[in-house]
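Visitor: Starting from the structure of chain A, add chain B where the hints point.
Taken in sequence, the protein lines are chains A and B.
Per the UniProt record's numbering: the first sequence = residues 1 to 155.
Per the UniProt record's numbering: the second sequence = residues 1 to 706.
What the simulated footprint calls covered on chain A by chain B, stretch by stretch (three residues with Cβ under 8 Å from a Cβ of chain B suffice, anywhere in the stretch; the number is not a length):
id : stretch
1  : 22-36
2  : 75-83
3  : 107-118
4  : 133-144
One-sided excerpt, in silico: chain B residues whose CB lies under 8 Å from chain A:
id : residue
5  : Gln8
6  : Leu54
7  : Tyr55
8  : Asn80
9  : Tyr117
10 : Leu159
11 : Val162
12 : Leu245
13 : Ala287
14 : Glu291
15 : Asp358
16 : Ser360
Okay, derived cross-link-like pairs now, PhoX-like style, lysine-lysine, Cα gap no bigger than 25 Å in a straight line:
id : chain 1 : residue 1 : chain 2 : residue 2
17 : A       : Lys28     : B       : Lys167
18 : A       : Lys44     : B       : Lys355
19 : B       : Lys214    : B       : Lys186
20 : B       : Lys362    : A       : Lys42
21 : A       : Lys92     : B       : Lys282
What the hints contain is simulated information worked out from the structure, not anything from laboratory work.
Computed from a predicted structure; not experimentally measured.
Yeah, the Cβ is synthetic: ideal placement off N, Cα and C, and Gly gets one too.
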Amino acid sequence: MQFMLLFSRQGKLRLQKWYVPLSDKEKKKITRELVQTVLARKPKMCSFLEWRDLKVVYKRYASLYFCCAIENQDNELITLEIIHRYVELLDKYFGSVCELDIIFNFEKAYFILDEFLLGGEAQDTSKKNVLKAIEQADLLAEENRPRQFFFSLLS
Amino acid sequence: MSPSVRLQEMIRVIRGARTQGEERGVIQRECAAIRAQFRQADNGTRSHNLAKLLYVHMLGYPAHFGQMECVRLIASPRYNEKRVGYLGAMMLLDEKQDASLLITNSIKNDLSHSSQYVQSLALCTLGCMGSAEMCRDLAPEIDRLLRASNSYIKKKAALCAVHIVRKVPELGELFTPASRSLLSEKNHGVLHGAVVLITELCERNPETLEQFRKAVPELVQIMKGLVMSGYSPEHNVAGISDPFLQVRILRLLRILGRNNETASDAVNDLLAQVATNTDSSKTAGSAVLYETVLTVMDIKSESGLRVLAVNILGRFLLNNDRNIRYISMTSLQKIVQTDHNAVQRHRGTIVDCLKDQDASVKRRALELSLALVSAVNIRSLMKELLLFLSSCPPELRAHTTSGIFNAAERYAPSQRWHIDTILHVLTTAGGDVRDETVPNLIQLITTATELHCYTVHKLYRALIADISVQSLVQVACWCIGEYGDLLLRGECEETEPVQVAEDDVLDALETVLQSHMSSPATRGFALTATMKLSTRITHNVDRIRSIVSIYGSCIDVELQQRAVEYNALFKKYDHMRYPALSTTALGPVSSTAGGDLLDLLGGLDVTPGETRSYHVTRPGKTLGPNYRLFMTFVSHSHPPQSVQLQMKAPSGDVIPAHGLGQVTQTVLLNNPNKVSLKMRVRVCYTSQDFVCQDTVQIDSFPSPAW
Chain A
1 MQFMLLFSRQ
11 GKLRLQKWYV
21 PLSDKEKKKI
31 TRELVQTVLA
41 RKPKMCSFLE
51 WRDLKVVYKR
61 YASLYFCCAI
71 ENQDNELITL
81 EIIHRYVELL
91 DKYFGSVCEL
101 DIIFNFEKAY
111 FILDEFLLGG
121 EAQDTSKKNV
131 LKAIEQADLL
141 AEENRPRQFF
151 FSLLS
Chain B
1 MSPSVRLQEM
11 IRVIRGARTQ
21 GEERGVIQRE
31 CAAIRAQFRQ
41 ADNGTRSHNL
51 AKLLYVHMLG
61 YPAHFGQMEC
71 VRLIASPRYN
81 EKRVGYLGAM
91 MLLDEKQDAS
101 LLITNSIKND
111 LSHSSQYVQS
121 LALCTLGCMG
131 SAEMCRDLAP
141 EIDRLLRASN
151 SYIKKKAALC
161 AVHIVRKVPE
171 LGELFTPASR
181 SLLSEKNHGV
191 LHGAVVLITE
201 LCERNPETLE
211 QFRKAVPELV
221 QIMKGLVMSG
231 YSPEHNVAGI
241 SDPFLQVRIL
251 RLLRILGRNN
261 ETASDAVNDL
271 LAQVATNTDS
281 SKTAGSAVLY
291 ETVLTVMDIK
301 SESGLRVLAV
311 NILGRFLLNN
321 DRNIRYISMT
331 SLQKIVQTDH
341 NAVQRHRGTI
351 VDCLKDQDAS
361 VKRRALELSL
371 ALVSAVNIRS
381 LMKELLLFLS
391 SCPPELRAHT
401 TSGIFNAAER
411 YAPSQRWHID
421 TILHVLTTAG
431 GDVRDETVPN
441 LIQLITTATE
451 LHCYTVHKLY
461 RALIADISVQ
471 SLVQVACWCI
481 GEYGDLLLRG
491 ECEETEPVQV
501 AEDDVLDALE
511 TVLQSHMSSP
521 ATRGFALTAT
531 MKLSTRITHN
541 VDRIRSIVSI
551 YGSCIDVELQ
561 QRAVEYNALF
571 KKYDHMRYPA
581 LSTTALGPVS
591 STAGGDLLDL
601 LGGLDVTPGE
611 TRSYHVTRPG
621 KTLGPNYRLF
631 MTFVSHSHPP
641 QSVQLQMKAP
651 SGDVIPAHGL
661 GQVTQTVLLN
671 NPNKVSLKMR
681 VRVCYTSQDF
691 VCQDTVQIDS
701 FPSPAW
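In isolation and in its complexed conformation, chain A is listed as follows:
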């Protein structure tokens, strides 16, 4: 996977994860163009499109578009499953996740993504393992906090 973008129906970026080195300017340009292209697609169209020399796989969940750019040898259908797995993880973590969760807790969305994918590839194919690791990491972060406020991070 080269990059993953999450954006709303109005084209607002909610998460961007880049696995290839590009300048800020290039990232902005790619984001702008790709978001436009995907938003222009009609609901009945398929989830795959060819864009520049990449394959793009996208899926809409409620008000959020999940969009991945993969290489030519990558399997589009399994990428759909990867996207779905990430959504399931978010859902389990936040409890019926919605766009606002991802807006107000964007850093947690990143932590979850980074526990699931590394360098663009899946680290663990077990949902349970990924969730457990995040749980543990959160606890560790809590213990390490200088202040004594305690949050329940699991809804």
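Guide: Okay, now just chain B, sitting in the frame of chain A:
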């Protein structure tokens, strides 16, 4: 108040801004506060301030002043600060920034941290944005982790190694031994990482590929275990046991089995097993089947297995899920040349996909349909393609017409079918056809001699119905000009004849001439056709004369020049009108300058002074009594009045065949004002009972000529 709430509060305030300007104001204030906080000593809020900055960065605002803060936070002993620091590094630092090198040491330390979650942060960051230099520095550490750590770390180390190999391919050798032993691990995460790493190593190094071919049986075993095992709740996705791992193993087997008989043999059974046992009702199963098909087609599989693979793709075509239909067609496109017959069996379904709503599916279906055209199915398939053309999306029209013409040319069962097909396309999508369509169609019509009457009738009817499609109008005009007599005769075997008078036909042509929809080229065709009719009709020659003379003062230069030439034909060269305008014969019809008449410029006599002579040679043809040389000037404005042309009689009437002689006709050109001249020369002659004409244009005369 809790710092985390402060972050969320900031987000709320930013989102509450009603205008872009208001938002910018809020963000400027916040950034100033964050900057101030960064400068202060450690007060426990650093991680949250960085988090705020990262949010601002995601909105598109500059955040480079946070880079050093990332470096500081990564070096912090506190996990929550490290976590945000590493996240910041991945978002704000890339390998192009100098600051990224500063974190190399921290990463190195964290890779051996006592907490696996800290190690994980370091591995993740290195695997995401590590530069070549950082990778070289830290590769030995990664190798160490690949060998001796728990599964949690091993799986991450494997993927980190993948990144390193992509950045610095030579380091692949370092990881090869460790990755081999990882295949015996039971943990799926580690296995998955190992397979991805081995795939990367094998793709980059043929020797490594050789080595890992020995691992094929082991991979087959693992795969069998996944496919045949019972329900495993931890890894089950829609009834498939760990589809992610299955797909990666299949891909690795593909690379190992390519161009290698032994390896391919070893996996044949497995592939058949996966193909038959995998449930494709959900995406997970289809993903595995898809990868299986790709592998079957790429390695040296036995033919039975290939047929099985193509049938899977055929089944995919019937799937309700549009994504699966699209994937299927993409794959079929890749194999339609090599496994043509197998794909033909699914032609019906493919053609049905022409009616799909999705434009990408339509495009795929079009390309596949065109690839499947054969002599056997041309009639039925062309019906579908023409139907598709009438409703296809605009961006596909040019491709469709082009494909239809190619197919028609290769497999037309009859000339009439061919002409009908091209006419159908011109009527439906004449604006989206290639430029060569008009001359090609004219050529085709000329050769279909028994169909001239039929064709001119069809084209006449098309012309009076609609004159907006230029390509169609051009061909129609040409045809009426050539075969107008057949039209006026009022009888036709192949189709219902029209009952038209000469005036009606001339009306049609004049409508084209006068219409604002007609392009200059089209007008040219119409004028020439009108002129040609002067030799095919009997009553209305005067009308034609007047049309032609009107256009002698037309603004369009091409048209004017043509009209002037035709006028000349009427006035001075009336005896040549018939031969010049008679039916174009079979034989070397060249509408471009060239052909046999290139000899025109051979043997130039440059006599000093103001006259030039040209020798016309026509080797290999017998010239009959109808030999005539017909020359006109082509110039930028008017035929130059200062230039005089005098044609002498030809030296003979007959040129013997086989280059045994020549006829010379001298033309004297007097050009006292030395104006630059271009000339068009047309030679009319009879050859073997056919009246022929050739045209050549002389664009420049050698400079010492005048």
